[in-house]
Amino acid sequence: MTEGRNEISFALQHRMDFAAGDKPHILLLAVGQDFGLEMLPNPFTPRSTISRRALGDLERHRLLPTDHGARFPLRDLSIAGARVPDIEVHVGGAATLLRVDGILGFDFFEHFAEIRFNTRTFVMTLARDA
Amino acid sequence: MTGNGHIEEAVSAEEQTAGVLMTVKEAIAQFHGEWVLMKVTEYDEDRWPSKGYVIGHSPEREGVSEALALEPPRGLLPPDAPRLMYYVFLAYPRARSLAEYHAMSGGRD
Chain Z
1 MTEGRNEISF ALQHRMDFAA GDKPHILLLA VGQDFGLEML PNPFTPRSTI SRRALGDLER
61 HRLLPTDHGA RFPLRDLSIA GARVPDIEVH VGGAATLLRV DGILGFDFFE HFAEIRFNTR
121 TFVMTLARDA
Chain B
1001 MTGNGHIEEA VSAEEQTAGV LMTVKEAIAQ FHGEWVLMKV TEYDEDRWPS KGYVIGHSPE
1061 REGVSEALAL EPPRGLLPPD APRLMYYVFL AYPRARSLAE YHAMSGGRD
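Keeping their order, the protein sequence lines are chains Z and B.
In terms of this note's numbering, the first sequence opens at residue 1 and continues consecutively.
In terms of this note's numbering, the second sequence opens at residue 1001 and continues consecutively.
Mixed in with the good hints, there may be bad ones.
What the hints assert, rightly or not - DEER-style ranges, computed between Cβ atoms:
no.	chain 1	residue 1	chain 2	residue 2	range
1	B	P1059	Z	E7	35 to 43 Å
2	B	E1045	Z	E7	30 to 38 Å
3	B	G1106	Z	P73	21 to 29 Å
4	Z	P85	B	S1050	41 to 49 Å
5	B	L1076	Z	D107	27 to 35 Å
6	B	E1071	Z	F117	28 to 36 Å
7	Z	H90	B	G1033	23 to 31 Å
8	B	E1071	Z	G69	22 to 30 Å
9	Z	R71	B	P1059	29 to 37 Å
10	B	L1076	Z	E114	38 to 46 Å
11	Z	G69	B	A1099	30 to 38 Å
12	Z	G93	B	G1033	30 to 38 Å
13	Z	R120	B	S1050	21 to 29 Å
In case anyone wonders, no lab produced these hints; they're calculated from the structure.
We put the beta carbon where it would ideally sit given N, CA and C, even for glycine.
Between the sequences and the hints, there should be enough to build the whole structure, so can you do that?
Written as structure tokens, this is what we have:
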């Protein structure tokens, strides 16, 4: 959405899934030019996770190194066109339960000094260290 | 079945290879509650996908992964090869602000 020298801003969407009762706020995390992953931002969970299905999709398209262990590096990432740090994820059941591709945890948000979320516009802003 | 199996097969085959061009909103309306696999051609002002080729849809997440597996592996394409982003989404309406959220909730929260 916007990228300044010290912060990036992007719009979240709120999926109105009444049937399942899981209406998460989600952001779109792009992996290179190839995949858009719908991720739930949760800076209060320590580790980022990904669903087994999303992981399988990335593996089949050779977008993960073949020699990975239990944690999988996601590289060349961007949100709304703004580059963001690479992360390592592991497979987590919560993403599948919430029917998202993954969860962005504190290991992602710790790269930023401050997180702001406008509850009126659903715009999240991540400020880098000064 | 409509009684014309050949036509249904032809449409299905076309969907498998080229996909059907539609907006995300149209896909949400047409495949409500299903998982949708789209090759994105356009983005909105917030850089969310807004239009693309629907190349698969299924009530189960696994169904779109199977459709995605039929696509050529992206990791093997040359870096400068033209490519459209794959986007898997659950076809439910999206609120983009608190006002939209309340309007779409309609007191169901």
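| Against the structure shown, which of the earlier numbered hints fail to hold, in ascending order? | 2, 3, 4, 11, 12
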